[in-house]
Amino acid sequence: MEDEHKDIADFEEENIDESIIQPDEKQKPKKKRRKRRFLKIIIAFGIIIALFLFFLSSIAKWYIEKNGEDLIGRKVSIGQLNINYLKFSVKAKDFILYEEDAQNPFVSFDEFVVNMNPWRLLKNQYAFSEIKLVNPFVKIVSHEMGFNFDDIIEHFSSDDDVEIEIDEDIESTIMYLVKNFALLGGQVIYEDKIEKSITEIKNLNLTI
Numbered sequence: 025m026e027d028e029h030k031d032i033a034d035f036e037e038e039n040i041d042e043s044i045i046q047p048d049e050k051q052k053p054k055k056k057r058r059k060r061r062f063l064k065i066i067i068a069f070g071i072i073i074a075l076f077l078f079f080l081s082s083i084a085k086w087y088i089e090k091n092g093e094d095l096i097g098r099k100v101s102i103g104q105l106n107i108n109y110l111k112f113s114v115k116a117k118d119f120i121l122y123e124e125d126a127q128n129p130f131v132s133f134d135e136f137v138v139n140m141n142p143w144r145l146l147k148n149q150y151a152f153s154e155i156k157l158v159n160p161f162v163k164i165v166s167h168e169m170g171f172n173f174d175d176i177i178e179h180f181s182s183d184d185d186v187e188i189e190i191d192e193d194i195e196s197t198i199m200y201l202v203k204n205f206a207l208l209g210g211q212v213i214y215e216d217k218i219e220k221s222i223t224e225i226k227n228l229n230l231t232i
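Taking the working numbering, the leading residue of the sequence shown gets 25, the next gets one more, and so forth.
For the record, the hints were derived by calculation from the structure and aren't laboratory data. Do not take every clue at face value.
[What the hints assert, rightly or not] Distance condition first, Cα-Cα at most 30 Å in a straight line; then the derived DSSO-like pairs of lysine-lysine:
(1) K147 / K115
(2) K99 / K163
(3) K111 / K147
(4) K220 / K147
(5) K111 / K163
(6) K115 / K99
(7) K117 / K85
(8) K226 / K99
(9) K85 / K111
(10) K85 / K59
(11) K163 / K226
(12) K220 / K111
(13) K203 / K85
(14) K117 / K64
(15) K115 / K203
(16) K115 / K163
(17) K226 / K115
(18) K217 / K147
(19) K90 / K156
(20) K226 / K203
(21) K90 / K163
(22) K226 / K117
(23) K220 / K115
(24) K217 / K99
(25) K90 / K59
(26) K117 / K59
(27) K147 / K226
(28) K99 / K117
(29) K90 / K64
(30) K220 / K99
(31) K203 / K111
(32) K226 / K156
(33) K99 / K85
(34) K156 / K99
(35) K115 / K59
Modelling step: build the complete structure from the supplied sequences, incorporating the hints.
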């Protein structure tokens, strides 16, 4: 009889142990599945962000060209726009801001490069390691009605403008630092249609 009681007790202990162990064993695959799903979500978000950053230059170029007239009141074209996120730099090539007739260039340049040091922003400093402008072109025309850029000024001036108050103490603490500035080539034309005269300045070369 004692042996039978021992066998029954051992059998019950085994069943109790199995009932305790089985739920844990079932939970382990669930935890692994959750981890895998979480990793898949992270990877998916990473791919989406990477694709967005990769195509951001093209998106920005498309948006500026499409909405140029809404943004500044004139047609705008950009040959190439590159945004480097590692170097915090922006490079634009073959930029043209057209006249009001959307045919002739008002302002243009072959290349514009800006390299910025973002860590200086923590010290209220706008630090630029390089600013380069290659072959800028500007044509100013004066006539009886005013200048050829009056429509741009009117575009930005409206009765709905909101005045923003800036703290003078904060504004005075902001610093601007430029290490390398280069203006290579360029041309400025001033045409006075009233006096029928044209003044032209070429080769605007300046390095700092």
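Tested hints:
1. K147 / K115: Measuring from Cα to Cα gives roughly 25 Å; hence the hint holds.
2. K99 / K163: 16 Å, holds
3. K111 / K147: 19 Å, holds
4. K220 / K147: The given pair, whose Cα atoms are some 51 Å apart, is violated under the 30 Å limit.
5. K111 / K163: 33 Å, violated
6. K115 / K99: At roughly 20 Å apart (the allowed maximum being 30 Å), K99 and K115 satisfy the hint.
7. K117 / K85: Holds, at about 11 Å.
8. K226 / K99: Cα-Cα ~25 Å, so holds.
9. K85 / K111: Measuring from Cα to Cα gives roughly 19 Å; hence the hint holds.
10. K85 / K59: Violated, at about 39 Å.
11. K163 / K226: 12 Å, holds
12. K220 / K111: 48 Å, violated
13. K203 / K85: Holds, at roughly 28 Å.
14. K117 / K64: Distance of about 39 Å is beyond 30 Å: violated.
15. K115 / K203: 17 Å, holds
16. K115 / K163: 23 Å, holds
17. K226 / K115: The given pair, whose Cα atoms are some 24 Å apart, holds under the 30 Å limit.
18. K217 / K147: 49 Å, violated
19. K90 / K156: 26 Å, holds
20. K226 / K203: 25 Å, holds
21. K90 / K163: With a Cα-Cα distance of about 23 Å, the restraint between K90 and K163 holds, given a limit of 30 Å.
22. K226 / K117: Roughly 20 Å separates the two Cα atoms, so the pair holds.
23. K220 / K115: Distance ~38 Å between K220 and K115 Cα, so the pair is violated.
24. K217 / K99: The hint holds at about 24 Å.
25. K90 / K59: 44 Å, violated
26. K117 / K59: 46 Å, violated
27. K147 / K226: With Cα atoms ~39 Å apart, K147 and K226 exceed 30 Å; violated.
28. K99 / K117: Holds - the C-alpha atoms of K117 and K99 are around 16 Å apart, at most 30 Å.
29. K90 / K64: Since the Cα atoms of K90 and K64 sit roughly 36 Å apart, the hinted pair is violated (cutoff 30 Å).
30. K220 / K99: 27 Å, holds
31. K203 / K111: 15 Å, holds
32. K226 / K156: Satisfied, since the Cα-Cα distance of roughly 17 Å is no more than 30 Å.
33. K99 / K85: 13 Å, holds
34. K156 / K99: 24 Å, holds
35. K115 / K59: 41 Å, violated
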